[in-house]
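A.B. asks: Protein chains in written order, with the working numbering: chain X, 173 to 492; chain W, 319 to 577.
Since the hints were made in silico from the structure, they are not lab data.
We put the beta carbon where it would ideally sit given N, CA and C, even for glycine.
All clues given are correct.
Output of the computed footprint for chain X on chain W, the stretches with three or more beta carbons under 8 angstroms from beta carbons of chain X:
{"no.": "1", "stretch": "411-417"}
{"no.": "2", "stretch": "445-455"}
{"no.": "3", "stretch": "484-494"}
{"no.": "4", "stretch": "560-571"}
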Amino acid sequence: MDAWILATRPAPDLVAAAATFADTVRVMLVATADELAAAGADLSGGAGQVVVVERAPQEPAEAYAIAVADDLAGRLADRPAVVIAGPGPTDRVLLGAVAGRLGCPIVTSVLTVDRAPGEDRPAIARRLYNGIAQATEMPQGTVCLVLADAGTGSGSGTTATPAGQAPVERLAAAPLPLRVTASTPGAPAVDLRLAERVVGVGRGLARAEDLPMMTDLATALGAALGCSRPLAEGLDWFPKSSYIGASGTHVRGGLYVAVGISGQLQHMVGTRGVDTIVAINNDPEAPIVAESDYTILGDLYAIVPALTAAVRQARAGGAP
Amino acid sequence: MRIVVAYKWAGNPQHADVGPDGAVDWQRAPATIGEYDEVAMEVARRLADATGAELVGLTLGPAHVGEARSTKAALSRGPDRLVALADDGYASASTSQTAALLAEAVRRIGEVDLVLTGDSSLDEAAKLTGPTMAGTLGWACLAEVASVSAAQGGDGVEVTRVVDGGTQTLTVPLPAVLACASDAAVPRIPGMKDVLAAAKKPVQVLTCAELPLPPVGLTRLAASRPDTPARRGTTIPGEDPQAAARTLVAALRDAGTLT
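Bound conformation, chain X alone:
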């Protein structure tokens, strides 16, 4: 079984995930000359082969999506593969181009990918409809997957190709005439998926001025700070990369503390991978109670500072 990863930067996480169920892992990378030079020997991220499409800085990677899809269609004509991309918007445009060009199925909300018993094809376990159901599906030919979480399979694939040893093929591809005409940099996106501990803030917090109290709790816990959707959209207290939910980030570390979050399905589906969920809420009927391991029922304005102090003391080695 072959895997192809579509990316705009080296993707060792996706390569490692693919290696758990595929025999060969190859990467199709769309990047600028500077990005390629900066990656150096780590270009492949452990994959067995890299195909590089170099773009000019004023060409968005999406300009090459159709060309990449046409090229990959040729390579996969006789060899179905699992085509993988991450969840970012550019990754999805690349993946969609391939899926549309090949007319192949797409699977999102992937839980695990294994080899189907007795087949040279993957068995893909996935959530349906924000996680109210789940199913396992086997593609008949090529399949496109969005892998938001690395390390999905339980199979043993090839070990990673050491850096610098994967053959690099340069693909001359014709872009569509999309052009970046202006660009203002912003704060780099927070990647909550990598955080071992996350504190989430919801609409229970009355004012943006109260956020420092939440930052203090996060700092005490050594946690990253995220939020529920309304605080990133509409209220604009947080950038969109901080919002945890079905169409936002999926956190999956050891601890998630949801403060003033009611626990709607849309939000909780972004927390399924977490080991321990704690909530602070004043409503005993809130859906989050059943979705958490521990809920402190009460006023978050009193509880959060108390919890911050108790956590600081415990982590400093004191008795709680």
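Position chain W against the provided structure of chain X, taking the given hints into account.
C.D. replies: Coordinates of chain W only, in the frame set by chain X:
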């Protein structure tokens, strides 16, 4: 210029019931237009007004998406007319089947310059329908689009999008598919005039007879309710915040969660 805005008429999974075999019953989850689709419709309407373009609404789903409750909801939010692929045979259409069918509908509408979609659907949030339509059609595509306007040279459109926290402005050649960011616009709330006008706008319904489902390409091996591990659901009274904090910290410490 002709603009198509694609939207989904679907229920909120929060209210759906699921059998032990994973079968989903949507009876208690009445369908609506997803809120992100409403954003796309607003962006589309404003662009159509600015350019004098015709705006065609496009949707796909079971037969009821072609019925009055659904078509009026869509037509009161901006489109000049509607094409609805409405057939119970489409009820279980996958992401790739939906994209293929919508792309074919765009071809049949003819002379379409721009397709706008929402960020994601309420029920599946796959976020891939727009990009896959673009792949089928061979068109340019961008996601997370914050604004769209006619390009100054008259060639294509000018788009802004959020990228890694910053913003980019791009020129995009037509035809193209653009997936609007979830906060690209605040959708108007249809007024009485919009609702009354909706009843007069043309609706074309297409069924599986005219647009058959392409092969799904997936075999379902199993389905069930979710395997999500049940949470403990322990509650700790918070009237004494310090005591509650101590209790929680002790529990987390014992579980090895708080090192």
